[in-house]
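Going by my numbering, the sequence shown opens with residue 1, and the numbers climb by one from there.
The hints are simulated quantities; they were obtained by calculation from the structure and are not laboratory data.
Because the structure is a prediction, the values reported are computed rather than measured.
Any given hint could turn out to be false.
Claimed, not checked - Once the Cα atoms are required to be at most 30 Å apart in a straight line, the calculated DSSO-like pairs of lysine-lysine come out as:
#: 1; residue 1: K20; residue 2: K30
#: 2; residue 1: K367; residue 2: K424
#: 3; residue 1: K344; residue 2: K381
#: 4; residue 1: K344; residue 2: K405
#: 5; residue 1: K396; residue 2: K353
#: 6; residue 1: K344; residue 2: K318
#: 7; residue 1: K378; residue 2: K457
#: 8; residue 1: K378; residue 2: K442
#: 9; residue 1: K378; residue 2: K424
#: 10; residue 1: K353; residue 2: K308
#: 11; residue 1: K305; residue 2: K367
#: 12; residue 1: K318; residue 2: K367
#: 13; residue 1: K381; residue 2: K318
#: 14; residue 1: K381; residue 2: K353
#: 15; residue 1: K424; residue 2: K353
#: 16; residue 1: K405; residue 2: K378
#: 17; residue 1: K353; residue 2: K367
#: 18; residue 1: K318; residue 2: K345
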Amino acid sequence: MRMSETERPGRSFRIALPPKVQYIIETIQKAGWDAYAVGGCVRDSMLGREPDDWDITTSARPAEIKRLFSHTVDTGIRHGTVTVLVDREGFEVTTYRIDGEYEDSRHPKEVSFTDSLSEDLRRRDFTINAMAYNDEAGLVDIFGGRQDLEDGIIRCVGSAGERFEEDALRMLRAIRFSAQLGYTIEEGTKEAIGRLAPTLSRISAERIQTELVKLLVSPHPEYLRTAYDTGVTSVFFPEWDRAMLTPQNHPHHCYSVGEHILHSLPEVPAQKVLRLAMLLHDIAKPDTLTVDDNGVTHFHGHARKGEKMAVEILRRLKFDNDTVDKVSRLVRYHDYGNGILPDKKLVRRAVNKIGEELFPMLLMVKKADILAQSDYLKQEKLRGLEEWERCYREIKAAEECVSLKTLAVSGRDLLSAGFMPGRKMGEVLELLLEEVLEDPEKNTREYLLSRAVEVMKEA
């Protein structure tokens, strides 16, 4: 997102600080110290966006901040950070500091406090995140962050190599910011990423996961290509590099596997599960590649194998179990029903098989998959998918039963009718559901109870 002429800050640029932030800054200033809003909140305000949070930097030491405010939390006291609570809302206030030597490509061994705002800003990652503001001084922009915002550039503060050696995660953050803002990465910064990408191996999977998700749900998830071009993905996602190198010589495709995935990502809403499903839906194609006598590539069984690979990759990146389950199931079924014109009976069974929550997401995945393919039969595929969507809408509108959850009888009803608990009762419920999936009119308590009694007599 580039700033319009009206959004571009000039010398008289002012930020409307929230009253609580203004209160904290003024309280510190009245005590004789400097205080500024700093970092991402300044950047976002300059872009006309509502900041997620407001950070404050100050020349005051942590002990002084604790003395000035009655409600504080020592969230990072060792590194100079105190959280000030104003009406139960927390704001991080951090003393100007200089970072010592970094020992793990992530954390400094020690920090020392300073009275210099410029020294504090110098240690930050990118120029657009190294600006400070208060109403008295206005915008403090020592490293050209304002110009880089106007030009749409992600650039490190000072030496890119030094910034990335201090904290290797900054390389992935640079790509993530470029995807969120639609900016280009300055050449020197990009070169340093390519040179130092292997040091990302020292960063925890949890931190990499956080940045990857932010990139994927950004307006430009296809900027993942930059992570590939610079060697970043080879460190934590080597399966992706193989996908980028796997051709698809087939009438239905016009891109390599990886490029097809990149084109599919923006075609689903910016939700974590959906974007991860698109990222991984064809991830097993390199492992299932065969080439026939005519040179046509095939990937038989890639959805099944992709489900297993998705589980492995997501667990390696420390995703939660719910995300792993949903994404892997969408990968498994992303080709389900392809080439079949459905009726409502088939769609009811599909919803039951795939899950009521996931089925609408599966339709989105299938559409994105088609949109990222070649033009060969594309309109026919889209019309076929529209028929699946139409049947699904009608099933939902009629509130037809598609799972045990909406079956007119439950296990409790069968117990009340004299059934014994156990595996047999579960089998009876599944049989009743089968009949209802076939004929929704049978989903009445009276019919199903009488049918259950019949089944038990036949057993």
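Results for each hint:
Restraint check for K20 and K30: satisfied, since their Cα atoms lie roughly 15 Å apart, inside the 30 Å limit. A distance of roughly 40 Å separates the Cα atoms of K367 and K424; the hinted pair therefore is violated under the 30 Å criterion. The suggested pairing of K344 with K381 holds, with an alpha-carbon distance near 18 Å, which does not exceed 30 Å. Between the alpha carbons of K344 and K405 the distance comes to roughly 19 Å, so the proposed pair stays at or under 30 Å and holds.
Using a Cα cut-off of 30 Å, the hinted pair K396 and K353 holds, with the two alpha carbons roughly 16 Å apart. Simply put, K344 and K318 have alpha-carbon atoms about 39 Å apart, too far for the 30 Å limit, and the pair is violated. With a C-alpha separation of about 52 Å, the suggested pair K378 and K457 falls outside the 30 Å cut-off, and the hint is violated. Distance restraint check for K378 and K442: the Cα-Cα separation of roughly 38 Å exceeds the 30 Å cut-off, and the hinted pair is therefore not satisfied.
Taken as a hint, the K378 and K424 pair is broken in the structure, with Cα atoms around 47 Å apart against an allowance of 30 Å. Among the hinted pairs, K353 with K308 is consistent with the structure: their alpha-carbon atoms are about 18 Å apart, no more than 30 Å. A C-alpha spacing of about 21 Å is found between K305 and K367, which places the hinted pair at or below 30 Å, so the restraint holds. With a C-alpha separation of about 28 Å, the suggested pair K318 and K367 falls inside the 30 Å cut-off, and the hint holds.
Using a Cα cut-off of 30 Å, the hinted pair K381 and K318 is violated, with the two alpha carbons roughly 36 Å apart. Between K381 and K353, the direct Cα distance comes to roughly 22 Å. Compliance with the 30 Å bound is thereby established for this hinted pair. As the CA atoms of K424 and K353 are separated by approximately 21 Å, the hinted pair is consistent with the 30 Å bound. About 36 Å separates the Cα atoms of K405 and K378, which puts this hinted pair outside 30 Å; it is violated.
Taking the CA atoms of K353 and K367, the gap is about 19 Å. The hint holds against a cut of 30 Å. For the suggested pair K318 and K345, the alpha carbons sit about 39 Å apart, so the restraint of at most 30 Å is broken.
When each numbered hint is compared with the structure, violations occur for hints 2, 6, 7, 8, 9, 13, 16 and 18.
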